[in-house]
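A.B. asks: So the protein sequences, as listed, match chains A and B.
Under my numbering, the letters of the first sequence match residues 1 to 424, in that order.
Under my numbering, the letters of the second sequence match residues 1 to 424, in that order.
Just so you know, the hints here were simulated from the structure itself, not pulled from any lab data.
Hints may be right or wrong, so weigh each one.
Rough simulated footprint, nothing fancy, chain A against chain B, three-plus residues with beta-carbon under 8 Å [what the hints assert, rightly or not]:
| hint | region |
| --- | --- |
| 1 | 36-47 |
| 2 | 131-140 |
| 3 | 187-197 |
| 4 | 395-403 |
Here the structure is a predicted model, which is why all the values come from computation and not from measurement.
Glycine is no exception: its CB is placed at the ideal position from the N, C-alpha and C atoms.
Here is how the chains run, residue by residue.
There are 2 protein chains.
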Amino acid sequence: MEAKNPLIVVLGAGFGGLTFCQTFNHRTARVMLFDRQNHHLFQPLLYQVATAGLSAPEIAQPIRSILSNQPNVTVLLDQVTGFNLAEKMVRLEGSTLKYDYLVLALGGCTSYFGHPEWEHFAPGLKSLDDAMGIRSRILLAFEKAENASHPAEHDRWMTIVVVGGGPTGVELAGAFAELTRTVLQRDFKRIDPSHARVMMIEVGPRVLAQYSPKLSASAEQQLKALGVEVRTATKVKSISQGRVDLENGETIFAENIIWAAGVSASSLTPKLGVELDRVGRVKVNPDLSVPGYPEVFAIGDMALVLGADGKPVPGVSPAAMQMAKHVARLIERELVPGKKPSRPPFQYRDKGSMATIGRSAAVAKMGRLEFSGFPAWLAWLGVHLIFLIGFRNKLAVLLQWAYAYFTYKRGARIITGLSDEPKR
Amino acid sequence: MEAKNPLIVVLGAGFGGLTFCQTFNHRTARVMLFDRQNHHLFQPLLYQVATAGLSAPEIAQPIRSILSNQPNVTVLLDQVTGFNLAEKMVRLEGSTLKYDYLVLALGGCTSYFGHPEWEHFAPGLKSLDDAMGIRSRILLAFEKAENASHPAEHDRWMTIVVVGGGPTGVELAGAFAELTRTVLQRDFKRIDPSHARVMMIEVGPRVLAQYSPKLSASAEQQLKALGVEVRTATKVKSISQGRVDLENGETIFAENIIWAAGVSASSLTPKLGVELDRVGRVKVNPDLSVPGYPEVFAIGDMALVLGADGKPVPGVSPAAMQMAKHVARLIERELVPGKKPSRPPFQYRDKGSMATIGRSAAVAKMGRLEFSGFPAWLAWLGVHLIFLIGFRNKLAVLLQWAYAYFTYKRGARIITGLSDEPKR
Numbered sequence: 001m002e003a004k005n006p007l008i009v010v011l012g013a014g015f016g017g018l019t020f021c022q023t024f025n026h027r028t029a030r031v032m033l034f035d036r037q038n039h040h041l042f043q044p045l046l047y048q049v050a051t052a053g054l055s056a057p058e059i060a061q062p063i064r065s066i067l068s069n070q071p072n073v074t075v076l077l078d079q080v081t082g083f084n085l086a087e088k089m090v091r092l093e094g095s096t097l098k099y100d101y102l103v104l105a106l107g108g109c110t111s112y113f114g115h116p117e118w119e120h121f122a123p124g125l126k127s128l129d130d131a132m133g134i135r136s137r138i139l140l141a142f143e144k145a146e147n148a149s150h151p152a153e154h155d156r157w158m159t160i161v162v163v164g165g166g167p168t169g170v171e172l173a174g175a176f177a178e179l180t181r182t183v184l185q186r187d188f189k190r191i192d193p194s195h196a197r198v199m200m201i202e203v204g205p206r207v208l209a210q211y212s213p214k215l216s217a218s219a220e221q222q223l224k225a226l227g228v229e230v231r232t233a234t235k236v237k238s239i240s241q242g243r244v245d246l247e248n249g250e251t252i253f254a255e256n257i258i259w260a261a262g263v264s265a266s267s268l269t270p271k272l273g274v275e276l277d278r279v280g281r282v283k284v285n286p287d288l289s290v291p292g293y294p295e296v297f298a299i300g301d302m303a304l305v306l307g308a309d310g311k312p313v314p315g316v317s318p319a320a321m322q323m324a325k326h327v328a329r330l331i332e333r334e335l336v337p338g339k340k341p342s343r344p345p346f347q348y349r350d351k352g353s354m355a356t357i358g359r360s361a362a363v364a365k366m367g368r369l370e371f372s373g374f375p376a377w378l379a380w381l382g383v384h385l386i387f388l389i390g391f392r393n394k395l396a397v398l399l400q401w402a403y404a405y406f407t408y409k410r411g412a413r414i415i416t417g418l419s420d421e422p423k424r
Numbered sequence: 001m002e003a004k005n006p007l008i009v010v011l012g013a014g015f016g017g018l019t020f021c022q023t024f025n026h027r028t029a030r031v032m033l034f035d036r037q038n039h040h041l042f043q044p045l046l047y048q049v050a051t052a053g054l055s056a057p058e059i060a061q062p063i064r065s066i067l068s069n070q071p072n073v074t075v076l077l078d079q080v081t082g083f084n085l086a087e088k089m090v091r092l093e094g095s096t097l098k099y100d101y102l103v104l105a106l107g108g109c110t111s112y113f114g115h116p117e118w119e120h121f122a123p124g125l126k127s128l129d130d131a132m133g134i135r136s137r138i139l140l141a142f143e144k145a146e147n148a149s150h151p152a153e154h155d156r157w158m159t160i161v162v163v164g165g166g167p168t169g170v171e172l173a174g175a176f177a178e179l180t181r182t183v184l185q186r187d188f189k190r191i192d193p194s195h196a197r198v199m200m201i202e203v204g205p206r207v208l209a210q211y212s213p214k215l216s217a218s219a220e221q222q223l224k225a226l227g228v229e230v231r232t233a234t235k236v237k238s239i240s241q242g243r244v245d246l247e248n249g250e251t252i253f254a255e256n257i258i259w260a261a262g263v264s265a266s267s268l269t270p271k272l273g274v275e276l277d278r279v280g281r282v283k284v285n286p287d288l289s290v291p292g293y294p295e296v297f298a299i300g301d302m303a304l305v306l307g308a309d310g311k312p313v314p315g316v317s318p319a320a321m322q323m324a325k326h327v328a329r330l331i332e333r334e335l336v337p338g339k340k341p342s343r344p345p346f347q348y349r350d351k352g353s354m355a356t357i358g359r360s361a362a363v364a365k366m367g368r369l370e371f372s373g374f375p376a377w378l379a380w381l382g383v384h385l386i387f388l389i390g391f392r393n394k395l396a397v398l399l400q401w402a403y404a405y406f407t408y409k410r411g412a413r414i415i416t417g418l419s420d421e422p423k424r
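The following block holds chain A by itself, in its conformation from the complex (with noise of 0.2 Å):
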């Protein structure tokens, strides 16, 4: 064994370990990547697969092939059970390890703010498996309603709620109306798909809390057109089966729910044993070093760090990439023989954000110039096709995306999941 040339521990496979891995350069460190997950998923395109746009295969690219050119990145499949920073060392599932430096790059997942038995529900989207199951469900309550006797039971399965009105719940409201309005509504005879009631929740006084109020506005209108149901400054007090109470007292009955209000750090931020913020993030220092751990560092979605004007920086994926980037060539030089370089602080380049609605419809902002409408989701497009990784991704994912523009179909309108009939 190479025991003397330094290991470097990188846990999780999304934007930022993946970049990390990709841009991490030396000859003799050894890079091991740890991920539950045997692919990269392109998160930002997920909403399409929950909504029957593309398939799981398009936005999912096996880790292993992406790194099949970096000779010194071992990818392994495998949990993550627990850290002891002070040895250096991590805990798997299959092995334990120590390390040499620690890049933590765990993501986040779906918080129900102390509501954990919502989730039944009303289920997030953070996996392929997630996407898979709420696009089986809700196609599956489009024939239970198409099956359904009695008109009330019908608006049942024909309603859909989402809760949260950040770019996710704006991508998946605007995604449902448009594919009830437009895709289903040829295929069905006794029930019209077109009159199905797609409504969005959210607590705050306005979507898209994050960008300007005049796109959140422009945001709000591009939903209504769409026929969504647009609730701000509404709190939901609980969820069950098929219903949804608000604070306000009124009571929506909905076989589809999906939640898409709140995000937290990787579950597995509290076993590190250092201080976190609210929602389970790492307080990182300003290298993006985990304080008393200059060897541990923490990225993406799972970090708390603060920008140049004092707010913390998103959690998008390009902050991730920034962030792994920094890493990278922070390691790199420490890894040269000789006196330690200072660390530089980590600094956040916002080269804009935008959230799409549907056909030909989006808000986007880069710097202070901000556009809406078809301008912003011909913007949007070309970004995520630029950014999806892997060549046949990018061809497949257009042809899609053409077909269903110009045909109003849909390709991936599967359910998977029913029960087969018994074997004999």
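We have chain A already, so just place chain B on it with the hints.
C.D. replies: For chain B alone, coordinates are given in the frame of chain A:
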């Protein structure tokens, strides 16, 4: 309600049921099509989903979407629970219906020849869920091999046993050999997937027994060229977790066992109360009606029909489609007011058959013409693209194949269904 219009109930939306609905042409008759899935599955390419070549939505189309232009056809997702043929009634989970004509097109299921306990260790390949399950299991096995520390463990994870040397077994074994020898080979750092052992076990004296001995020999030779160990005249004694015991006393340790040995008719056929053959098929009259019930027809894999040569018509999709058209014409004629016409017997026209083995490897016969290797593979490619339903799917599949052919990569190497991080 249009109660006086005759009602034709069709059960099953495979090749038989779907073709009936597409070709049945009558101004006033109503057709109700029931299936437990929302999609029609292009079964001949299912093995490509199991071997990570294609994604699930590429070989499946929503039934409603295929039939959206047939105004008299209603598509419902439901499960058959029983029959009362004497009363012309069919019971479903959602309703009970009284039909004028009943078309049974329920297809087949995997048969373990009286050993249902083997299913857990050696899954079969009949549905999209089966295929995605097999894909995840095999890809996961190679991840486990990469993690394993002991050589004997490596071998166990990297051994794939396909039981059955019919068309499905041959396709699977060939595709697994290609997957391990070309696609996966570049991705792993510790193991060498090209050393994976792919074994095919066939109880009969030769593979593809329905072809000529010459084509069987060619298929066996093409399989061996891909690296498949072919064991003919070999009987499985028992299957348990990670091991196959053969009648000859040999034991094979393998964490990947796929069952492609037996097919029987749908498990619903015993509920009909009519005469069945050994594998549960309905012994139909020459006009495809069920003996004693002239208004009930059975078509496709669930019907035992004798051809002009006295041998059973094979359980292949062209046969099911021809039967569907025969029954459609027959019912159309009987619905014309006046004297009932006599019923012609069904005649199967064998247009040839083909089985693919791998890249540029296949066997085909058309009448007395037999060929193998690259020309047979090209013919297979063309025929399957022509019959694959839906323009979008054809294009997507063609692109995937072209990509895989020229790059030796496969797009759908995604493991789903692994446990996710707990939500909070």
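A.B. asks: Give a verdict on every hint.
C.D. replies: Hint by hint, here is what the structure shows:
1. 36-47: holds (count 4)
2. 131-140: holds (count 3)
3. 187-197: holds (count 4)
4. 395-403: holds (count 5)
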